[in-house]
Amino acid sequence: MFRRTVAAALTAVAALALAACGSDDSPAASSPTSAGSGSAAVSGTVNVFAAASLTGTFTELGKQFEAAHPGVEVVFNFAGSSALAQQINQGAPADVFASAAPKNMDQVTDKGTPTVFVKNKLEIAVPKGNPGKVTGLTDFTDQAKKIALCAEQVPCGAAAKKVFEAAKLTPQPDSLEQDVKAALTKVGLGEVDAALVYRTDVLSAQEKVDGIEFPEAAQAVNEYPIATLTKAPNADGGKAFVDYVLSADGKKVLTEAGFEAP
Amino acid sequence: MTRSRRRTPVSGRVPLVLLVPAVLGLAFLLVPLIGLLAEAPWSSLPSRLFSAEVGEALRLSLICATAATVICLLLGIPLAWLLARAEIPGRGLIRALVTVPLVLPPVVGGVALLLVLGRRGLIGERLDLWFGFSLPFTTAGVVVAEAFVAMPFLVISVEGALRAADPRYEEAAATLGAGRWLTFRRVTLPSIAPGIVAGAVLCWARALGEFGATITFAGNLPGRTTTMPLAVYLALETDPDVAVVLSLVLLLVSVVVLACLRERWISGLR
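Read top to bottom, the protein sequences are chains S and L. Everything in the first sequence is counted per our numbering, starting at 71 for the first residue and increasing by one. Everything in the second sequence is counted per our numbering, starting at 5 for the first residue and increasing by one.
Everything labelled a hint here was simulated from the structure, so no lab data went into it. All C-beta atoms in this analysis are idealised placements derived from N, C-alpha and C, irrespective of residue type, glycine included. Misleading hints may appear alongside valid ones.
As the list claims (entries may be wrong) - Okay, the calculated beta carbon distance ranges per label pair: (1) L:P93 x S:V145: 30 to 40 Å; (2) S:T240 x L:L240: 25 to 35 Å; (3) L:L49 x S:K173: 48 to 58 Å; (4) S:E130 x L:V260: 49 to 59 Å; (5) L:P36 x S:P201: 21 to 31 Å.
Said to hold, decoys possible - To be clear about the criterion: a stretch of chain S counts as covered by chain L if any three or more of its residues have a C-beta under 8 Å from a C-beta of chain L, and this derived list gives those stretches: (6) 154-163; (7) 220-231; (8) 255-261.
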């Protein structure tokens with residue numbers, strides 16, 4: 071019985087390993103022999119490395135792009151911008167890099183010429199119905215209210231710090247979350263009365279979270295650059311995808327999700 | 005425990021077919037740890053180590069892990085006894101459920117704790133309403149998260165020790181007129197002491213390293229809920245050297261604990 075279980079487990083592991091190899095190989099196998107330079111010649115697989123905050127919008131843009139270019143497949147790698155920058159520098163086969171901050175784009179050694187394609191700014195997120203009666207940034211200094219901010223080490227925390235400095239306020243957080251989604255989750259669960267997250271995050275969690283805008287947000291606007299990488303295995307495909315993101319269709323998807331035009 | 009230990013016959017030569025994968029396995033486990041040592045910023049290590057934040061995180065880690073272990077001992081030993089000795093229906097299922105936190109992703113554990121003990125949780129809402137007390141974002145919350153994740157280690161160790169212990173001593177005590185509680189205290193507990201120590205140390209070490217459930221349930225605030233693993237994670241975002249130093253401290257603590265445990269561990273579980 072035990073032996074059989076082990077055998078089954080081993081078989082499963084082997085199958086998984088094979089599957090992983092397969093999916094690794096397929097982009098390389100189908101990658102094009104970049105013949106033409108016009109957008110009509112786009113083919114093969116486009117590998118897009120994009121910041122985690124772009125997951126929703128870029129997945130949508132990828133579908134639209136594939137529909138407009140039959141036979142082309144867009145493969146995404148969503149993660150924190152700094153992790154993606156490291157992967158690219160270590161030779162990961164990326165065609166496009168969309169970063170949540172210029173800093174992470176600058177870390178990439180073989181970037182092309184990046185273009186800022188959207189901006190994102192902070193908003194106060196409160197649980198639906200605003201049970202903590204939060205009205206603005208000054209509520210973040212109220213010891214009696216439960217407040218979550220991002221840790222200063224991550225981008226949304228750095229932005230929050232700028233905002234509070236601009237407003238000359240000292241926040242009294244109950245938790246410094248490790249990323250913006252963790253902060254958003256705590257608002258959604260009603261564990262905190264308010265958190266500072268991006269405007270796009272508030273919109274993405276509309277059924278659980280309300281957003282409150284505040285003037286100081288203008289002091290810490292996040293710029294998102296996008297670039298076709300110089301070592302891109304599928305440079306034509308990458309360029310076509312970047313063009314699509316920058317097009318009117320692309321802008322529509324992005325602004326509907328709460329991003330601002332640059 | 006007084007029974008003589010069985011000796012496995014020692015063969016002179018290890019067959020190559022076993023030796024090669026064994027050495028590879030050893031290397032696989034040890035190389036990352038050696039890498040940590042090699043990458044450590046030794047020259048600036050003392051100054052980084054004795055910074056206020058590191059001290060604070062370490063102190064909090066030790067306190068919370070110890071408190072969590074005490075809770076696990078108080079609740080876990082009776083639970084292990086129940087699983088090993090009592091005639092209860094569905095014991096196999098209960099045992100499986102007890103070990104779920106072992107394999108559950110800790111983040112999931114944290115979410116589950118939030119849903120039950122959080123401010124809007126099943127029990128947490130009552131706590132907040134009646135006593136104005138809420139566990140998330142408090143040091144007590146860290147202890148709860150750690151105890152949740154670490155308790156199975158204690159229960160498994162103690163249950164193993166109970167099953168290995170000879171029940172005849174307990175029966176003898178009973179025939180001599182001792183009540184069940186007296187028997188438990190004076191006969192059962194001493195006979196499984198090594199197993200309890202082993203379980204407690206494992207439990208403590210697991211609590212010390214706990215990350216996912218802690219950050220999800222208790223959040224992260226220096227001095228209140230930022231334990232060492234949380235400090236390591238955030239340090240990686242800005243200053244990897246600090247993360248390496250913190251990791252070294254945790255590695256050292258783990259090795260010391262396990263080295264001290266070895267004797268007990270073997271005698272506890274035979």
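The hints, checked one at a time:
1. L:P93 x S:V145: 30 to 40 Å: violated, 52 Å
2. S:T240 x L:L240: 25 to 35 Å: holds, 27 Å
3. L:L49 x S:K173: 48 to 58 Å: Given a distance of about 28 Å, which is not inside 48 to 58 Å, the answer is violated.
4. S:E130 x L:V260: 49 to 59 Å: Once the Cβ atoms are compared, 52 Å apart, the range 49 to 59 Å for V260 of chain L and E130 of chain S holds.
5. L:P36 x S:P201: 21 to 31 Å: violated, 46 Å
6. 154-163: violated (count 0)
7. 220-231: Check passed, 3 qualifying residues.
8. 255-261: With 4 residues close enough to chain L, the hint holds.
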